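**Q** Taken in sequence, the protein lines are chains C, V and Y. Every letter in the first sequence is one number past the one before it in numbering that gives the first Met the number 0, and letter 106, counting from 1, is 105. Every letter in the second sequence is one number past the one before it in numbering that gives the first Met the number 0, and letter 135, counting from 1, is 134. Every letter in the third sequence is one number past the one before it in numbering that gives the first Met the number 0, and letter 205, counting from 1, is 204.
In short, the hints are calculated from the structure, not lab data. Fair warning: there could be bad hints in the mix.
To be verified - Listed next, the in silico DSS-like pairs over lysine-lysine satisfying Cα-Cα at most 30 Å (straight line):
hint: 1; chain 1: V; residue 1: Lys189; chain 2: Y; residue 2: Lys90
hint: 2; chain 1: Y; residue 1: Lys90; chain 2: C; residue 2: Lys70
hint: 3; chain 1: C; residue 1: Lys125; chain 2: V; residue 2: Lys24
Just so it is clear, the structure is predicted and the values come from calculations on it, not from any experiment.
Residues per chain are reported as follows:
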Amino acid sequence: MTLFSAEHLTMIFGGLMAVDEFSLELKGGDLIGLIGPNGAGKTTVFNMITGNLKPTRGKILFKGEEISGLKPNAITRRGIARTFQNIRLFQDLPVIENVMISYHARLRSSFMGAVLQTPLYNREEKEMRTGAMVLLQRVRLADLASERAGSLSYGQQRRLEIARALATNPKLLLLDEPAAGMNPQETQELMDFILKIKEDFDLTVLLIEHDMRVVMGICQWIKVLDYGATIAEGTPKEIQNNPQVIAAYLGEAGGKGIA
Amino acid sequence: MHPTRDRILTGLSFMALFAFLYWAKGNATEYQIRLMNNCAIFITLAVSYNLINGICGQFSLEPNAFVAIGAYTSALLTMSPAEKQISFIIEPLIWPLNVISIPFWLSLIVAGVVTGFLAFLMGFPVFRVRGDYLAIVTLGFGEVVRVVANNLQTITNGPLGLKGLVPHTNLWWSFGFMTCTLFFIWRLTKSSFGRAMKAIREDEVAAEAMGIRSFRYKMMAFTVSGFFEGIAGGLLAHLITTISPVLFTFFLTFNLLIIIVVGGLGSTTGCVISSVLFVLGSEALRAVEEPFSIGPVHVPGIPGMRMVIFAVILVMVMIFARQGIMGRGELSWQRLIDLLRRTGGLLRSRG
Amino acid sequence: MPFQMFLQQLINGISLGSLYGLVAIGYTMVYGILRLINFAHGDVLMMGCYFAFYAILIFSLPWYFSFLVAIFLTAVLGIAIDRGAYLPVRKGPRISALITAIGVSFLLENLALVIFGGRPKPFYRPPLFGKVIEWGDLHFLTLSLWIPFITLVLVLLLLLVIYRTRTGMAMRAIARDMETVRLMGVDVNRITSITFALGSALAAAGGIMWALKFPQIEPYMGIIPGLKAFVAAVLGGIGNVIGAALGGFLLGLLEIMLVALMPSLGGYKDAFAFLILIGILLFRPIGIMGEKLPD
Numbered sequence: 000m001t002l003f004s005a006e007h008l009t010m011i012f013g014g015l016m017a018v019d020e021f022s023l024e025l026k027g028g029d030l031i032g033l034i035g036p037n038g039a040g041k042t043t044v045f046n047m048i049t050g051n052l053k054p055t056r057g058k059i060l061f062k063g064e065e066i067s068g069l070k071p072n073a074i075t076r077r078g079i080a081r082t083f084q085n086i087r088l089f090q091d092l093p094v095i096e097n098v099m100i101s102y103h104a105r106l107r108s109s110f111m112g113a114v115l116q117t118p119l120y121n122r123e124e125k126e127m128r129t130g131a132m133v134l135l136q137r138v139r140l141a142d143l144a145s146e147r148a149g150s151l152s153y154g155q156q157r158r159l160e161i162a163r164a165l166a167t168n169p170k171l172l173l174l175d176e177p178a179a180g181m182n183p184q185e186t187q188e189l190m191d192f193i194l195k196i197k198e199d200f201d202l203t204v205l206l207i208e209h210d211m212r213v214v215m216g217i218c219q220w221i222k223v224l225d226y227g228a229t230i231a232e233g234t235p236k237e238i239q240n241n242p243q244v245i246a247a248y249l250g251e252a253g254g255k256g257i258a
Numbered sequence: 000m001h002p003t004r005d006r007i008l009t010g011l012s013f014m015a016l017f018a019f020l021y022w023a024k025g026n027a028t029e030y031q032i033r034l035m036n037n038c039a040i041f042i043t044l045a046v047s048y049n050l051i052n053g054i055c056g057q058f059s060l061e062p063n064a065f066v067a068i069g070a071y072t073s074a075l076l077t078m079s080p081a082e083k084q085i086s087f088i089i090e091p092l093i094w095p096l097n098v099i100s101i102p103f104w105l106s107l108i109v110a111g112v113v114t115g116f117l118a119f120l121m122g123f124p125v126f127r128v129r130g131d132y133l134a135i136v137t138l139g140f141g142e143v144v145r146v147v148a149n150n151l152q153t154i155t156n157g158p159l160g161l162k163g164l165v166p167h168t169n170l171w172w173s174f175g176f177m178t179c180t181l182f183f184i185w186r187l188t189k190s191s192f193g194r195a196m197k198a199i200r201e202d203e204v205a206a207e208a209m210g211i212r213s214f215r216y217k218m219m220a221f222t223v224s225g226f227f228e229g230i231a232g233g234l235l236a237h238l239i240t241t242i243s244p245v246l247f248t249f250f251l252t253f254n255l256l257i258i259i260v261v262g263g264l265g266s267t268t269g270c271v272i273s274s275v276l277f278v279l280g281s282e283a284l285r286a287v288e289e290p291f292s293i294g295p296v297h298v299p300g301i302p303g304m305r306m307v308i309f310a311v312i313l314v315m316v317m318i319f320a321r322q323g324i325m326g327r328g329e330l331s332w333q334r335l336i337d338l339l340r341r342t343g344g345l346l347r348s349r350g
Numbered sequence: 000m001p002f003q004m005f006l007q008q009l010i011n012g013i014s015l016g017s018l019y020g021l022v023a024i025g026y027t028m029v030y031g032i033l034r035l036i037n038f039a040h041g042d043v044l045m046m047g048c049y050f051a052f053y054a055i056l057i058f059s060l061p062w063y064f065s066f067l068v069a070i071f072l073t074a075v076l077g078i079a080i081d082r083g084a085y086l087p088v089r090k091g092p093r094i095s096a097l098i099t100a101i102g103v104s105f106l107l108e109n110l111a112l113v114i115f116g117g118r119p120k121p122f123y124r125p126p127l128f129g130k131v132i133e134w135g136d137l138h139f140l141t142l143s144l145w146i147p148f149i150t151l152v153l154v155l156l157l158l159l160v161i162y163r164t165r166t167g168m169a170m171r172a173i174a175r176d177m178e179t180v181r182l183m184g185v186d187v188n189r190i191t192s193i194t195f196a197l198g199s200a201l202a203a204a205g206g207i208m209w210a211l212k213f214p215q216i217e218p219y220m221g222i223i224p225g226l227k228a229f230v231a232a233v234l235g236g237i238g239n240v241i242g243a244a245l246g247g248f249l250l251g252l253l254e255i256m257l258v259a260l261m262p263s264l265g266g267y268k269d270a271f272a273f274l275i276l277i278g279i280l281l282f283r284p285i286g287i288m289g290e291k292l293p294d
């Protein structure tokens, strides 16, 4: 049963072809990696899926419904969540509130209910707080719950981003370079974490990464982009030995190597 | 956290406040009562204004326009037909306004609803497009209100304005309404809806990505601000008993802007503190505009110097102390207790 | 409406439109680079007029020299505002910059009030501009011909700077992507100051011509033209210089036509620009020449 499909997604800015005919089909439980040199169009693909960009051409279907052109908040409410490459947390808000916000879209109380603190609202608020705490415990940030999000370390902020994405109750999770800036131990923990949450939350994961340990380590299938075009796709083993992929990366100084 | 303790303390403080007002009614001078009324109304306005600017992070310049609309709406509804006949000497007031006269409390509600509705209409084109434009749209709207008020002889009585309003607004009304506004806005801000607004302020793209319909909550903040500012306008009208277009210039908005910036954009308690400081400070600064002498040197008063000082304060705060007094945080009972403990400790170690 | 009157109003409209266009260009340039609505722009216009006024009055300089000096001083003022007030808040949230702009605007207005006094002052109109031309039933000042002419010259000069100089290229690049331009080693702050200088100079030119046309200056004179010029900039497509000029012309013409066709609504002409703004936002937010600005 296809959960998600992107068909011939194309993005053209001015005269520049940022993404050229990107297609992808996902079933529940898939863990797919999207790799390629910087500027290959990976984040642009994400932005098209999440509604931040309107594709110039192409269609996106999620749970049988066409979602291309919908606004980001609508797409999130339908079950697609994302993290950002350059961490966009709510800096001045406490850590726990960063996560609680993801529950807001599902709030049933009206604003009058919130002001008057009706029993329904109080119950919902309690549920949001408890749910957020549970997620914070999973990412080991529970003891920092009241701290200002901006005061967290880089690694902690990355984990918080994942927690708040999970709080939107997604079926499809888009992770944009989740391992960026992590040391080998943190990276290993991240890999275990992704596999665990995929199972516990019954998720499908699409992952952009430069760190090949992560990509080769956990992805079932990999798509390689270069200058917007899909130059290769296959299992990790196939990709590792693909000459075109190697060439594309050798053109770039300082990728976290394939071999 | 001690929510029960905090609630009791807050309840006690308000009871103390109202007990004080009861005493003041009989014992304070008219000047002092006027200052107190001003404080209450400014607190109300600042806290409402802070909702759209500070909590939701959308820069608006609406207060003078909304206060004017609320003032005129409320005034036109409470004035007796006889009073209206006396005021409208150039052209008579249109029907049905010239025969209506409704109770004060009802006129306030209508004022709030009308203003809130106008806020809603204005928010539509702006928030859907680019929040940046909100400031210029609201600034422009303020000018439009002024122009309309000056020209619409048959409704607003033009430059002559409305006179002879019954001074309904007393300490109970102004502080009572202030309390309601504080309650509503405090609760809203602390709730999930307040969090959504703050998220929009912090990072709108991220907020949308977490499922928040940012348009909806910007509209909510703006409309609620409008509602309370409109009612405050009605209260103001019935406090000073005479209104005309010149009362509602950009100066009012500017003062409120200084208040919320100095208090801390996004802090409701900060607004309360800075409102009081502002009302008292303005009175004190009046001295600068009167002639005074330092010994043998006689300094002539410089009219308008007060506003220059305010403008300089605003720019300085923005450059050097953007957070204002409270920053984004609130003055909680816990903080106050801690502060008192520390001060007490300091005094004890000295003495 | 008789043709003569139409022509008369057309001339008025073009004059007024030129002025709006000149001021609108300043707004649009600053917004294009900084995404900042420079609320103080209208007040910079006002200061330009006062500079000219005092240059003539106190220093007895011949008018053409005074005007140039005033324009120069206003450009300096623009740079001072950019460096003194806007640069320190550039790194912060956008709302801080907007609030600072309002603060500067208010400061200029009240400083002018305190220093120059609130009473309107008469602005000198040199005979060159004051001659009345009669052509059939038409009466107009030579000024009405000079204004569009000077505006056209200034706009062409500016376009030359923007499209034919390296500074201009830097300005255009910064409008697209400030960070990348900074990374390429360009002194972004210097270019920004130049932008402010140019915009303020144009505002001063517009202001002086405004004062020649309506020969009274007072501290709050810049507010309404400023607001309308901003609407003109949005109408033309914010960020686009030619758009700002076009938007200004269009707005000026529409305003004059409104008053000419419906004189009873004359009192509302200042509100008219605001209605146009709302209309633009509702129906064509990117304006006439607008391209979608990446936000």
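**Q** Below or equal to 30 Å on CA atoms is what counts here, so check Lys125 of chain C against Lys24 of chain V.
**A** violated, 43 Å
**Q** Take a quick look at whether Lys90 of chain Y and Lys70 of chain C sit within 30 Å of each other, Cα to Cα.
**A** holds, 29 Å
**Q** Sort out whether Lys90 of chain Y lies within 30 Å of Lys189 of chain V, counting only the CA atoms.
**A** holds, 29 Å
Violation of the numbered hints given earlier is confined to hint 3; every other hint is satisfied by the structure.
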